[in-house]
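**Student:** Given next are the chains, with one letter for each unit.
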Amino acid sequence: MEHYHMNLTLKVWRQKNSQAKGNFDTYQVKNISSEMSFLEMFDVLNEQLIVEGKEPIAFDHDCREGICGMCSMYINGQAHGPWQQNTTCQLHMRAFKDGDTIVVEPWRSQAFPVVKDLVVDRSSFDRIIQAGGYISVNTGNAVDANAIPIDKKDADDAFMAAACIGCGACVATCKNGSAMLFVGAKVSQLSLLPQGQPERANRVLNMVAQMDKEGFGNCTNTYACEAECPKGISIANIARLNSEYIKAGLSSEEK
Amino acid sequence: MGLTGIFLITFLIVHAGVNACIFLNDGGATFNEFAHFMSHNWIVRFLEIGLFVGLITHIIQGLLLWKQNNAARPVGYYYNKPSKNSNWYSRSMGILGTLLLLFLIMHLYHFFIGTKVALYSGDRPHNLYEEMKLVFANQWVVIAYLVGVVALFWHLYHGFQSAFQTLGVNHKKYTPIIKMLGLGYSVIICVLFALMPVAIYLKWIA
Amino acid sequence: MTLNAKIPPGEMNKKWSDYKGHVKLVNPANKRKLEVIIVGTGLAGASAAASLGELGYKVKAFCFQDSPRRAHSIAAQGGINAAKNYQNDGDSVFRLFYDTVKGGDYRAREANVHRLAEVSTSIIDQCVAQGVPFAREYGGLLSNRSFGGTQVQRTFYAAGQTGQQLLLGAYSALERQVALGNVKMYSRHEMLEVVKIDGKARGIIAKDLITGKLERHFGHAVLLCSGGYGNVFYLSTNAMGSNVTAAWKAHKKGAHFANPCFTQIHPTCIPVSGDHQSKLTLMSESLRNDGRIWVPKQKGDNRKPNDIPEEERDYYLERRYPAFGNLVPRDVASRAAKERCDEGYGVGTTKMAVYLDFKDSIMRYGRTEAGKTGMENTDDATIYALGKKVVEEKYGNLFEMYEKITGENPYEMPMRIYPAVHYTMGGLWVDYELQTSVPGLYALGEANFSDHGANRLGASALMQGLADGYFVIPYTLGNYLADEIRTSSISTDHQAFVEAEKEVADRLNKLINIKGKQTVESFHKRLGKIIWDKCGMARNEQGLKQALEELKQLKAEFWSDVRIPGDINEFNPELDKAGRVADFIELGKLMCIDALDRNESCGGHFREESQTEDGEAKRDDENYAYVAAWELKGEDYWELHKEPLTFEIVKPTQRSYK
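Residue numbers (numbering that gives the first Met the number 0), protein chains in the order written: chain P, 0 to 254; chain U, 0 to 205; chain C, 0 to 657.
Honestly, the hints are just simulated from the structure, not real lab data. From a predicted model like this one, the values you see are computed outputs, not experimental measurements. Do not rely on the hints blindly, as some may be mistaken.
[Unchecked claim] For each label pair, taking beta carbons as the anchor points, the in silico distance ranges come out as:
id, chain 1, residue 1, chain 2, residue 2, range
1, U, Y77, P, A208, 50 to 58 Å
2, P, E253, U, E32, 46 to 54 Å
3, P, K29, C, S488, 52 to 60 Å
4, P, A208, C, S16, 26 to 34 Å
5, P, P148, U, S82, 57 to 65 Å
6, C, N508, P, E253, 15 to 23 Å
7, C, R363, P, P148, 51 to 59 Å
[What the hints assert, rightly or not] Some chain C residues well away from chain P (every beta-carbon gap over 10 Å; in silico):
id, residue
8, I209
9, E520
10, R562
11, H640
Glycine included, every Cβ here is placed at the ideal spot set by N, Cα and C.
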């Protein structure tokens with residue numbers, strides 16, 4: 000792979016705090032290596048800003064290996080930037096060329112208010128999990144792990160759904176700001192497994208109710224979420240969420 | 000949305016079926032016979048109420064979705080490239096639906112009101128076929144109908160498979176079949192609908 | 000002060016059950032009155048918070064990330080060990096115990112390790128019950144794989160994302176307790192001080208990272224589950240936010256810090272590509288099952304790897320360690336790679352890398368596949384294609400990750416790898432009950448020192464984190480809190496809270512008002528380089544002494560010339576980072592002091608003065624069979640307390656992999 004260096008123009012959303020009105024600022028970065036990750040390019044920019052006596056750009060990041068789900072940038076019109084099945088931290092500067100202008104915005108969603116610059120508050124996801132994204136088993140109550148065999152296909156499907164990193168790219172991407180992929184993934188994982196059966200109906204009803212309460216939009220099946228999900232979570236999980244919801248709604252005795 | 004959508008999809012099959020009778024080229028005899036049956040049979044008229052309820056529900060659901068979904072993103076993106084992750088028509092169901100609604104108003108004005116007036120104003124026999132020929136003699140009406148049919152095609156093409164997804168059907172084996180069916184259905188229905196005004200305007204049928 | 004590890008008497012395999020049988024209990028009504036603070040929500044913290052919440056304690060949990068689900072436990076790839084013996088291959092609690100003590104090069108406390116092995120089986124049960132989707136066989140039962148340093152298959156896994164799945168399991172249990180009101184969660188909060196009243200830990204001062212406001216929180220006990228300190232090296236496989244601050248504040252309040260120089264350097268990471276590098280990415284240890292490690296036989300060979308003929312390649316691990324070959328333990332493999340690169344045989348642009356080559360295994364798998372379908376006489380290209388498919392199935396996601404980062408296709412060209420800092424075996428000194436030397440202050444998971452000795456075996460970190468949180472602390476904490484039921488909640492207006500908060504505020508003010516010229520990041524990089532060069536894979540007296548001088552200089556420079564933009568009362572990541580780097584600089588000093596004190600080689604700690612004739616690590620049991628617990632006596636001045644290690648069961652021998 001040929002290494003090269005580039006000069007770039009960055010147009011970045013700056014917002015002092017959640018109440019402030021934000022705006023775009025333009026920055027130049029020079030001599031960026033194609034080997035750098037996108038966030039390392041931001042590190043360079045921030046160092047530059049600090050030296051110049053300006054305030055660095057706040058952005059969320061932690062593991063920088065694509066698994067913690069903390070990084071969250073809308074880069075050139077796409078969640079996590081141009082590469083498929085990829086997080087912002089794993090995006091590398093090879094994706095760009097000398098002279099490019101890159102526009103960077105925070106996730107935009109009613110349920111993800113901006114905290115500062117590119118940082119948003121995704122605690123709504125935690126509250127959805129609190130509404131039912133678990134199996135109620137106290138520590139020490141478990142039977143032997145091999146006591147319940149699980150169909151390999153179900154186990155594999157559950158795993159594929161559980162691979163969600165909760166980054167919120169699905170919400171950021173969806174034109175409706177819907178969280179159905181996130182909720183669908185968790186509902187699917189737990190309803191596919193025998194351990195998840197006792198709470199199956201209540202779980203989906205409560206999680207969907209919380210999702211609506213948080214102000215997420217509705218799914219209109221554009222499937223943009225699946226295309227932009229860094230972990231490739233399938234929209235089959237949304238269908239499963241729908242069918243679980245319909246079944247649970249019909250069988251529920253609550254009015 | 001999915002449920003009312005599927006209901007409306009089934010209606011279109013009947014509608015297109017009856018319309019297709021004009022291509023028997025019998026001067027509209029069969030067509031008029033069916034049209035008469037559809038407007039006079041009390042079961043059909045009862046179903047008609049259901050149809051309107053379904054249609055209005057579909058519209059109200061659509062408006063609610065539009066409102067809620069807009070509220071879910073009060074601040075939009077400055078730079079957005081949705082074409083990278085989704086098809087334009089899947090994102091444009093609201094616009095397509097609005098176009099269809101406008102089309103529908105025109106369509107009802109052309110054919111539905113006349114039929115109803117005829118039905119309640121006595122026993123003067125109503126020749127829908129002749130009325131159709133009259134309406135489709137105007138090239139602007141034909142063009143408007145074609146626009147409506149194109150909007151219908153994309154609306155159906157997305158809506159057909161989308162309805163199944165909404166109702167919780169997504170299967171490795173069957174979903175591709177559903178998608179093929181949806182495409183076939185949308186093409187056949189829309190071609191049939193488009194052929195009517197065109198055939199009459201170009202005088203392919205008597 | 001003498002160290003009392005409080006190891007229960009009796010036979011090794013009965014200690015834990017005897018302890019549990021006699022431990023003091025707290026009745027449910029009293030539990031509701033007792034408050035527990037937990038700092039960190041990784042495997043140890045989340046599992047502890049969930050379990051203690053279930054028991055009825057009033058729990059407050061803190062994490063600096065935006066959600067407890069982001070803790071760095073999530074990045075663990077390979078798996079989790081448990082002595083289930085589902086494979087019927089001779090595994091047992093004893094063997095897991097034995098392997099762990101031996102793998103730790105006889106510097107761990109036997110009783111703790113035995114307990115870890117005992118509870119390991121319950122962890123798997125608990126996780127499966129929570130819905131953790133472990134890999135399964137076609138019959139529906141759990142699948143296992145083998146990992147470095149063991150001869151049995153006892154590792155449970157979920158593709159290459161075991162840590163993620165286990166953490167999400169613990170996180171969901173935690174969120175359930177949040178929903179039930181038993182746990183109150185404080186995200187984007189960083190603990191900046193331990194509050195001590197009458198010698199006991201009674202709370203913390205935490206900073207709301209969004210508003211910058213300091214908060215006082217009372218607890219009858221404080222649990223630190225804040226992970227390891229690998230980021231002292233700047234470049235490591237740890238997350239960017241991973242830090243020692245919580246543990247270091249505890250240390251400053253009297254908690255001893257044990258074996259700080261025991262750090263694990265993982266042999267298979269993607270090498271550094273330039274000065275801009277901010278972190279290193281691990282390539283799972285499982286790759287060494289199928290990859291062969293080599294360098295060119297000729298120094299400074301600039302040919303492309305595929306152009307170097309077989310006879311000019313040096314498979315140095317196979318050459319030096321014919322018995323274990325590419326599967327020697329982590330510390331041995333790392334040192335061997337460093338040795339080759341230092342001698343000038345390294346590859347890649349930086350010459351600080353070795354090749355991990357899958358060509359042979361691809362061909363081997365290809366021939367097996369061809370054999371299955373009766374295509375024995377097919378050409379090499381077909382065999383290669385068949386084998387590639389097998390390798391893709393096993394390691395596909397890792398190969399993809401490698402390609403994303405380096406832009407090179409590892410199917411066509413061997414991977415370039417180099418060792419990187421991965422885990423810290425050292426940490427806060429704790430007794431058998433996981434209590435530090437401050438009463439009421441506990442340390443769990445990687446934050447403590449107890450179970451891995453001088454080298455951790457693969458797939459054991461997840462096991463220890465969950466063991467501590469789910470199965471150990473619920474018992475041992477009760478033993479302490481049973482005597483606290485008469486202590487009602489102490490008001491946070493208490494003088495101790497006021498003073499602690501003032502201390503924190505003063506320090507923050509001091510930091511932000513330095514208004515110097517150099518960035519926090521630049522100090523962190525310099526610190527990392529000092530520690531990596533002189534207290535990294537190999538250490539010697541001269542280098543360590545030099546490092547101490549350099550650190551002194553660095554510290555002085557930091558406190559006089561660091562530039563922190565922004566204000567205190569706002570979201571200010573630079574200020575947060577500055578506080579962490581300041582603590583890392585002090586820790587770095589202690590690491591060097593500890594490394595200097597331990598004039599032997601053991602596990603990940605390699606003192607060049609203590610090696611055999613052929614360059615292998617040489618342990619000195621006579622003089623160094625102890626845990627080095629350091630007590631802070633004044634600024635940058637420590638006193639060493641030795642906890643002697645006695646080995647009743649596993650008799651120390653020199654490790655040999657030849």
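**Student:** Confirm or reject each hint.
**Tutor:** The hints, checked one at a time:
no., hint, in the structure
1, U:Y77 with P:A208: 50 to 58 Å, "33 Å, violated"
2, P:E253 with U:E32: 46 to 54 Å, "52 Å, holds"
3, P:K29 with C:S488: 52 to 60 Å, "57 Å, holds"
4, P:A208 with C:S16: 26 to 34 Å, "45 Å, violated"
5, P:P148 with U:S82: 57 to 65 Å, "46 Å, violated"
6, C:N508 with P:E253: 15 to 23 Å, "55 Å, violated"
7, C:R363 with P:P148: 51 to 59 Å, "32 Å, violated"
8, I209, "6 Å, violated"
9, E520, "6 Å, violated"
10, R562, "6 Å, violated"
11, H640, "34 Å, holds"
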